[in-house]
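Could you slot chain R onto chain Y? The hints should help.
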Amino acid sequence: MTEISCDQISQRLVDFVEGELDPEKSAEVKAHLEKCDFCQALLETYLKTIFILKRVNQVEPPPEMVIRLRKYLWSKLNL
Amino acid sequence: MSDTGNEKAIALKDLSDQELIGLYRQGNKSIIDQLLQRYQSRVYRLAYGILRNPQDAEEVIQEVFLRVFQKLDSFKGESAFSSWLYRVAVNTTFMKIREKRGTDVLALEEVEKMLEEEINKAGGSDWARRPDDELLSEEAIKIITGAMEKLPDEFKIIITLRDLEGLSTEEVGQLLGLSPAAVKSRLHRARLFLRKRLGEFYHQIFEGE
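Line by line, the protein sequences give chains Y and R.
The numbers in the first sequence follow my numbering, run straight up by one, and end at 79.
The numbers in the second sequence follow my numbering, run straight up by one, and end at 1209.
Chain Y on its own, in the form it takes in the complex (with noise of 0.2 Å):
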């Protein structure tokens, strides 16, 4: 297994944590996680930001919005 540095592994991690790698370059990702702290916590961070972020913008119009979204279209729209 050919061993890869710390700027690969930047490079696939949007693939790793998609499981979109394929086997031999995820395993190449995974031995270099085991001992790179590093990497590791560059990893973790990026999950952590990942999951927080679909925290965010869980906005839903306001009811007065829809009524008012609802009365234009049906004007425009000559219903």
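DSS-like, lysine-lysine: derived pairs with alpha carbons at most 25 Å apart:
{"no.": "1", "chain 1": "R", "residue 1": "K1096", "chain 2": "Y", "residue 2": "K76"}
{"no.": "2", "chain 1": "R", "residue 1": "K1071", "chain 2": "R", "residue 2": "K1013"}
{"no.": "3", "chain 1": "Y", "residue 1": "K71", "chain 2": "R", "residue 2": "K1096"}
{"no.": "4", "chain 1": "R", "residue 1": "K1071", "chain 2": "Y", "residue 2": "K71"}
{"no.": "5", "chain 1": "R", "residue 1": "K1013", "chain 2": "Y", "residue 2": "K71"}
It is worth saying that the hints were derived from the structure and are not from the lab.
For chain R alone, kept in the frame of chain Y given last:
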């Protein structure tokens, strides 16, 4: 509501988008409510996620649904209704961005270089092992929301579609006319940028411990 009304509502709810559009073509305009119910939140989140302004998002959502419903008769169904709607939403949101930006548009290469420089500055990873409940505070959400606002729109839209709305890389690429590799590259840099901002915040919070 009468039994018949209930049955009608349930029946519409159970129909596919394509079936609803078929009914629309036969003159049943009330299916518009059903399509609105299905998609108004997603379109709003997309517009709001990028524009970060409720009034702008409202203008976009109105424009999107008006354009879509005006063209519903000619919708051929070559792609899914949701994909078409998303495409219109993305285009309308970008039009709004251009309208607001005026001529002050940074070249994408310039933006990418700026992001790269931000990401490469030393940033702490000392929050890696912190439990989620320590990290997920209202303040942290504010930090990441603020950092999202600073992201260039070309990156913000990818984060919004991919990480917040859960579209696949391929779907995002098709919507934005980008290759999967370009989507992934921008997604990765945007996530690293947000990670860095969170890192700075947590470093301050946990510094004294």
